[in-house]
Each structure stands twice: as structure tokens, then as C-alpha cells.
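Produce the entire structure from the sequences given, and follow the hints as far as they go.
Order-wise, the sequence lines are chains A and B. Taking numbering that gives the first Met the number 0 as reference, the numbering of the first sequence is continuous, increasing by one, and the terminal residue is 300. Taking numbering that gives the first Met the number 0 as reference, the numbering of the second sequence is continuous, increasing by one, and the terminal residue is 236.
The set of hints was computed from the structure by calculation and includes no laboratory data. Take these hints with a grain of salt, some might be off.
[To be verified] Listed next, the in silico SDA-like pairs over lysine to any residue satisfying Cα-Cα at most 20 Å (straight line): (1) B:K127 to B:M17; (2) B:K127 to A:G20; (3) B:K156 to A:G20; (4) A:K31 to B:M17.
Since the model is a prediction, treat every value here as computed from it, not as a measurement.
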Amino acid sequence: MHLPDGFLTNRIAFSLDALSGASILFAARRVKQEFSARVVPVMGVFSAFIFAAQMLNFPLFGGTSGHLVGGALLGIVLGPMAGFLTMATVVIAQALFLQDGGLVAIGANLFNIAALPAFLGYFVYRMLGAPNAPGSRLSIAGFLAGWLSVVAAAAACAVELGLSSAVPMSVGLPAMAGYHAVIGVFEGLLTALVISFLARVRPDLLKKEFSPAFGITDWVGAIVLVAAPLSILVLAGSSQLPDPLQALLTEPSAASGSQESLLSPARYSDLQRFLIYLVLLGVCVVAYSAARILRIRRGRP
Amino acid sequence: MKHSFIDRYAHLDSPLHMLEARTKIIGFMALVIAVLTVRAGGVGHFFILFFLISILAGISQIPMPYVVGRTLLLLPFVLLAGLAAPWKGSAGWSWFLLLVMRSVLCLLVLVILTNTTRFVELLRGLRKLGCPKLVVANLSFLYRYLFVLADEAMRMKQARDCRRVGRAGIFAELRTLGSMLGTLMVRSFEHADQMYRAMLSRGFSGEFMVIAPRKCSWRDLVFIAVVAVIIAATLYL
Chain A
0 MHLPDGFLTN RIAFSLDALS GASILFAARR VKQEFSARVV PVMGVFSAFI FAAQMLNFPL
60 FGGTSGHLVG GALLGIVLGP MAGFLTMATV VIAQALFLQD GGLVAIGANL FNIAALPAFL
120 GYFVYRMLGA PNAPGSRLSI AGFLAGWLSV VAAAAACAVE LGLSSAVPMS VGLPAMAGYH
180 AVIGVFEGLL TALVISFLAR VRPDLLKKEF SPAFGITDWV GAIVLVAAPL SILVLAGSSQ
240 LPDPLQALLT EPSAASGSQE SLLSPARYSD LQRFLIYLVL LGVCVVAYSA ARILRIRRGR
300 P
Chain B
0 MKHSFIDRYA HLDSPLHMLE ARTKIIGFMA LVIAVLTVRA GGVGHFFILF FLISILAGIS
60 QIPMPYVVGR TLLLLPFVLL AGLAAPWKGS AGWSWFLLLV MRSVLCLLVL VILTNTTRFV
120 ELLRGLRKLG CPKLVVANLS FLYRYLFVLA DEAMRMKQAR DCRRVGRAGI FAELRTLGSM
180 LGTLMVRSFE HADQMYRAML SRGFSGEFMV IAPRKCSWRD LVFIAVVAVI IAATLYL
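What follows is the structure in C-alpha cells.
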């Protein structure tokens, strides 16, 4: 689910970077206006909680295991803005700690894994009137929020890959969405269980304090946040700007014939090319080893 | 319990570790963008960048098995793209090669960046580059509390495993896990509350301080110059 660098075309990756950057700034402003400074440590510790919660996995069929993703849960407990920011922190940390997700692709990951689940989870939860409902209605709302958030994230991921022509959408979309519609059941169940646990044990956590009323500015903001990426994606998918990944597919002759420099692979036969790659790879490994053995130390003692 | 999956080699001592965080963020970001904008068919250009990145990895003293192990993260995506490659027509396999090289190089850059910079310094660099205060504060809380909560999660897991004989059904498992997660969440909230009071009483103003931050020096200039020259060379060769 965490997209690495290189799989998205540049225009999609960069436009999603801009979008996610803007939505983080927007959410940060809203959170600062809306909450006391007390929310800062709560958000921070909850992002650590998501990290820790992802270590607790449960066995699934065939030796695999699953774990909570948590975007919808955060959206429900903290409200959409703070929930999104908290999940965004988790996504950034996953990229920086675990190299899960790339540097330039981080905008796409923030959109798929943080923005979509947090906002969608919160809206589903609100739509079903869950904040004031007891018992089973709360669980159903939690389940739907969790399930939808996972399916939407997977679908968005597949659409981005499809528009980048990395994985054709006709294959990727049903595969990703279908697989996650099954896996998402567990996310939904876990979200519902945690929500009903909280309602039993600490109902104050689910009450007003961290999920304030959604004002008209927020509706406008949310619509902009949802509409902008869609239009960007559509524009990006149809624009004619050159991009390395797609250029190779659309005009293979340009890639092989026009450049007659020493570096162009078309000059060589297949076997030659393979050998050259192998030699170059060897050179790189030697360079690594040489630099490592030299052990350049810092000047100061 | 010991957790060493975060900035594992960031405490090594190499010229790359000595650089200021901002320089590294900008330099490595430029490298990633250079990799992503290399012309189609420019396999040679990839090798120039790969050469530079290998030297950087060597200088940084990060062990090779670790670096190679990290690239396995890409495997699911590479496999997915590999399945799609035959449908791409004649250019399919060179397209696949380009895709793999792009993603591997970008991942290598990210591995070097995060393993040569201590997280606290990385955050300071991000803050200086204009990342919102709230996000940076969040990340530093995450970094500090991750170990506490991960320990707690592991202890809960141990306790559950001790009380369980054999395998329960999947729904029973989920029920237990739901309560565990709920407990963990309540505990995190209580941690946060206590911490906020402690922080207030110590005069917290929303900004985390770094003791003895690194300063820009001639090393940073050299690094930026080398990266810029190599990138210019690959773009115009």
C-alpha cells in the first residue's frame, strides 16, 4: 500500500505532493484555531499508538497476518483535522524510519493512507449519527468507517498506479479493491471493537472535546480537498507533458533510435548490453567497497 | 526491550553523518528528483547516478547486507509491475527495467538519508525548511513515545500469549485484540495528559530544543557542489 518512489509518473507524484502539503498546512491551521495546546501531546502520542498498534498482529488465513491501519479510528476519535494530521505523522515517520513509501511519492501516500481514511471514516461515522447513538449502531458505524477507509485507500492507490501506466487500471483496480474489500472486514471489525471499548471504558474520549462540530468552512475545505485531487488526477492523466515512464511506452522509436550517444543502449546488441550492465554494476559495487574500506574519518579528533 | 529499527546506523561516524541535516535533505531530495527525471532509454545515466549513490553509501559505512535487505521492500510492487510488463508491447521489458532502476535508486537514497541523520536532527532540518511546527512536534512525540508504547504493546502480547492455549477462532482473536488496542489507546491518552502537565510545568513553548546542533561548514558546500555537478552531468550528457 505504501507506494515507493519510481512507480508514479512525475506529474501525478508532484501534484499529489503539492496537494498533501496544502492540506497539511490547512489542517494544522484549523487544529491550532480549534483546540487548546493540550491536543499537541495527544496527537503525538496517538501517532505513536498507531505505530505500536501496527505491531500487534492477528493471524489470518494461510500463515499471513493482518493488523490495524487506524486511519478511520483516528478520524473518529480525534475528528477529521487532528486525525488526518496524526495519521500524516505516522505516514511521514514510516517513510523516514522504515523507508516504507518514497520521498517524492509521499504526497500520494499521505493522500491514500492519511487523508482519505481519516476524512472518510469521520464522515461515515457522522452520517450514521453515531456520536449520540449507543450500542450496536456505534459498532455498525465503526465497522463501515473502517471497511470503507481501507477499500478507498486501496482503490486510490490502484487509480494512481493506473494513471501512471505502471499497472493497468483494468487489472489493478479490481485486484486491489477486491483484495482489500476482504482484508478491510478485519479493519472494520477492529475499528468497531475499539470504538465500543472506548464507549464502555472512557466515553469522555469519544465526546465533544476532540471532535468539534463541523462548520461551514470545514465543509468548503473538505470539498476543496476532495475535488482538487480528483481534478488534478484527471488533468494529470490527460496532459501531454513528457514524462520518462510514459514516453517509453508511447513512442518506443524515440527511445531507441534518436539518441546516438555513447550512452544510448540501442548501439549495442542484447548480450553486449547485458554484459555492460553487469560490468557497470560491478564498478558500482567496487566503488562502494572502496569508499567503505577507505573509512574516511572526520578531521577533528 | 530493545528496538533498533529506527535510524539504526545514524550514530556511526562518517563525513556524511557530519553534514547538516538541511544540506542532506536538499541534496538527497535533488538526487531523487534527478533519478525520476532521467530520460527514457538513458540507462547509462542511471549508472552515473548509481555510481554516485554507491560511493555515498560506501562513505556512510552502512553495511551492504542491510542496504540490500531494505530494497526487498520494493518486491511486491516490482512483482505487480512485472506481471503487467508483457502487456506493454515491445517496449515492455525495457520499461520494466527502467521502473525497477528508478525505484531501487530512490530507495537507496532514502536509506542513506535516514541512516546518516539522527532523527532529532532530521526533524530540526525539516523545521528549518518550513515544515509546520505542529507536524514536527508530532513527529518528535512519536519518536519519543514509540518505544514506550511498543514495549507496552509487546508486554500485552506476551500476556495474551501466556493466557491462551492453542488457537482461538479468528473472531475471538479479534475480540481480544480489540480490547488490547482499546486499552493501549486509553493508556496513550493518559500518558499524553500527564506529559502535557509535566511539559507545561517545565516551560514548554511548542518547540523542541536540540543540544549542540550541527552547523553548516565547508563540508556541506562540498557535498552540495558534488551532487549538483553529478546531476548536471546526467541531465546534459
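Hint by hint, here is what the structure shows:
1. B:K127 to B:M17: 18 Å, holds
2. B:K127 to A:G20: Roughly 16 Å separates the two Cα atoms, so the pair holds.
3. B:K156 to A:G20: 37 Å, violated
4. A:K31 to B:M17: 35 Å, violated
Hints 3, 4 from the earlier list are contradicted by this structure; the remaining hints agree with it.
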